[in-house]
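2 protein chains.
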Amino acid sequence: MALIVMKFGGTSVADMDRIRNVAQHVKREVTAGNKVAVVVSAMAGRTNELIGWVNDATKTPDPKEYDAVVSSGEQVTSGLLALCLQNDGVKARSWHGWQIPLETDDAHSKARITDIKGESLKSSVESGTVAVIAGFQGISPDGRIATLGRGGSDTSAVAIAAALDADLCDIYTDVDGVYTTDPRIVSKAQRLEKVSYEEMLEMASLGAKVLQTRSVELAMTKNVRLAVRSSFDDPASVPAVSLDGNSTIGTLVCNEDEIVEQQVVSGIAYAKDEAKVTLINVADEPGVAAKVFGPLAEANINVDMIVQNVSADGATTDMTFTVPEDDLARAISVLEARKDELRYEELKGATDIVKVSVIGVGMRSHAGVAANMFKELADKGINIQAITTSEIKISILIDAAYQELAVRTLHSLFGLDQETA
Amino acid sequence: MALIVMKFGGTSVADMDRIRNVAQHVKREVTAGNKVAVVVSAMAGRTNELIGWVNDATKTPDPKEYDAVVSSGEQVTSGLLALCLQNDGVKARSWHGWQIPLETDDAHSKARITDIKGESLKSSVESGTVAVIAGFQGISPDGRIATLGRGGSDTSAVAIAAALDADLCDIYTDVDGVYTTDPRIVSKAQRLEKVSYEEMLEMASLGAKVLQTRSVELAMTKNVRLAVRSSFDDPASVPAVSLDGNSTIGTLVCNEDEIVEQQVVSGIAYAKDEAKVTLINVADEPGVAAKVFGPLAEANINVDMIVQNVSADGATTDMTFTVPEDDLARAISVLEARKDELRYEELKGATDIVKVSVIGVGMRSHAGVAANMFKELADKGINIQAITTSEIKISILIDAAYQELAVRTLHSLFGLDQETA
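Chains as they are written, first to last, in our numbering: chain U, 173 to 593; chain X, 173 to 593.
Keep in mind the hints are simulated off the structure, nothing from the lab. Take the hints with a grain of salt, since some may be wrong.
No copy labels: a pair is met if it fits in one copy or bridges any two.
What the hints assert, rightly or not - In silico BS3-like pairs for lysine-lysine, Cα to Cα no more than 30 Å straight-line:
id	residue 1	residue 2
1	K444	K381
2	K381	K366
3	K289	K236
4	K366	K463
5	K360	K394
6	K263	K282
7	K547	K236
8	K263	K231
9	K552	K444
10	K552	K381
Please construct the entire structure, taking both the sequences and the accompanying hints into account.
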């Protein structure tokens, strides 16, 4: 038998019918002989309702009370799913974060997991009782409920899987796996059977919204095998996880060495929520970059791509960089406040840009990916405004109007198009 | 200063505006120099929503999971009230049952409190931080959440008051105190300034719905002084509890010896939710009562008033008793199943009856109350179908049509009518 963790997000448990559907997915695995721990989110919409009340109570909520209120949504779902399982003849019980206990630091509302004392949880699961765990929450050093922040339930699931030494952590979501790119843009996009943690990390942080970055990082560190699959499949029509912990559906996120035939490029990601800032005719002198980026860092604004042109006159230069779109207004005001010091001629902000990235661990051993990419885009008349690279990805900044053309072009160029039958 | 517990029920915390109003009541007490612990119910309607989901999940819910789901309502209110208090500049924190811990037995969904380890709660309250406690819940011996059943939040409040050795437990509700009778029936009903535990117990169990019987019993046992008052008063217009723990508004429920001028009769209660069962021509022989009431007790049906007529023929008799209206159908079917054994001629059930009770600790030392009562009712043409008495109350069963007349008549007879100005 395999010990598996199954995680279901808010849309998968949105109402009682959906929760009953989840119970069928779980029952299939139990019937096949697997031991199961389930991690659940709040019913879709509940968390927003709770946050709405908190914000109605005060503009500056105490994070400890915020957590005490907001964590209740997951507790409700865990109890209801345990009841649905029992009603289907499956032994089950709910676990709140403090009951495990899943221990966190004291950074309430964005807490990090410090330890999971999983002995009683593990012996309960191994005795054949399905554990239905309220995701997103743990207990802080002073005995208060702490929530894990955005993507918290995915992170709970991976941490629980590590603590239970699970064979597989199945993340059920509203898509049936990880694709070579967004199927809404490229109809020939293919589902990846396997993808490495590092590639998934790049895809997650670059705008493919299937998994939260934080949970993939934790899976990589703890060597937890993740599967991304759909909760909207008919529970009866899909095969159970095999008794050695393998799934034949969805996408497996795993160690590179589990992937035998590695493509050079695994996927094309894009991110529209970036904004571009340009400083025109800023002084080209030592220390100017520190003067620009120091204050932005202090303001907690994350700068991503940076391009500094070669100075034409030897005295001034243009500097371009990207920030999250939500932070653009703050970035502009931080730099305007320092205009006298920076002595730039003009400050421009733009949001009509998109970042497109080509990702693949195979790029480590294959030269020429960048050259091919730039040539093909140039042939299509797409102007590249900035470039950043890592060992396993190349990102470019282009005019937003060219987003679809660029993604489709690169998807074809690197052989990712699905062959039509 | 006084240490007080303030309890607010579901209608008092029904929405954010009502919760802000509660915060004002609490702030008034803190500003006056009192130390405060608050016990809250779920926002009105939330518990029913949660129970609805539980019943949708399964017809036979596991009480442990029922408790895990249903207890979340109080947790939400406690966090939200703590946030409203903080927003008003009052130091506050929420406490869930397991955090105190308020320990219970393992009778989930109707658990009884076994112990309250209140040291950290008490030191927090005494340091000047308002404790906002989720009512209705505790932690069972196996570390699961247990709820206290009907009236649980009142019981939580009294138990917390006892554990904190509070000077007063203020029960805020939607009426402004305990009345000599229902003001909807008798416009001259008066608010009682003080009432003894024993009288309140009779009133609570006889249909005056202000306080749950269980919480009054606990208050009597633990000698906790209770005040019943309205959360709908303008928080700014009512005086704070005095620093020796006395309130000048509402009704104080206390020990008999705190009440100086005790009336003979304190109040008139009535209960409409009773039903009458009559067995006609049942065998008048030893053991027949056991044969009738044994099976009813086994079926967990509570029999209240019992009348057995003197036998006219020496062989058969009529027997009349009351049961809760909700149990009438079951009582009838239990007795029909035993018709051969009981050999009665006819079995009749009726719900067009009402129980009216006259209550007062002064009756212990005053003879003649019953005689006065029966004469006055006879003068009004009201036929008494059954009578039960205790040291401090006389209850009669009458035709439902005479309910208002009987209550008004007795209210006047025992000098309870308010003098008009």
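Checklist line | Homomeric proximity label, K263 with K282: Cα distance no greater than 30 Å | finding: between (33 Å within a copy, 23 Å between copies)
Check: Between K381 and K366, at a C-alpha cutoff of 30 Å, which is it: within one copy, between copies, both, or neither?
Finding: within (17 Å within a copy, 64 Å between copies)
Checklist line | Intra/inter-copy verdict for K547 and K236 if alpha-carbon distance must be at most 30 Å | finding: Close neither inside one copy (54 Å) nor across copies (65 Å); limit 30 Å.
Next item on the list: Evaluate K263 and K231 at a C-alpha cut-off of 30 Å and name the case that applies: within, between, both or neither.
Entry: Between. Shortest inter-copy distance 16 Å satisfies the 30 Å Cα cut-off; intra-copy 44 Å does not.
Checklist line | Identical-chain pair category, K552 with K444, by Cα at 30 Å | finding: Cα proximity of K552 and K444: one copy only (20 Å, versus 85 Å across).
Next item on the list: Since the copies are identical, ignore which copy is meant and state whether K444 and K381 lie within 30 Å (CA to CA) inside a copy, between copies, both or neither.
Entry: within (12 Å within a copy, 60 Å between copies)
Next item on the list: Could you figure out if K366 and K463 sit no more than 30 Å apart (CA to CA) within one copy, between two copies, both or neither?
Entry: Neither, since 44 Å and 74 Å both go past 30 Å.
Next item on the list: Go through the copies and call it for K552 and K381: within, between, both or neither, with a Cα cutoff of 30 Å.
Entry: So K552 and K381 pass the 30 Å test inside one copy only (28 Å; across, 79 Å).
Notebook entry, point to check: From the Cα coordinates, with 30 Å as the cut-off, is the pair K289 and K236 best called within, between, both, or neither?
Noted result: both (22 Å within a copy, 22 Å between copies)
Next item on the list: Could you figure out if K360 and K394 sit no more than 30 Å apart (CA to CA) within one copy, between two copies, both or neither?
Entry: neither (34 Å within a copy, 74 Å between copies)
Of the hints listed earlier, those the structure fails to meet are numbers 4, 5, 7, in rising order.
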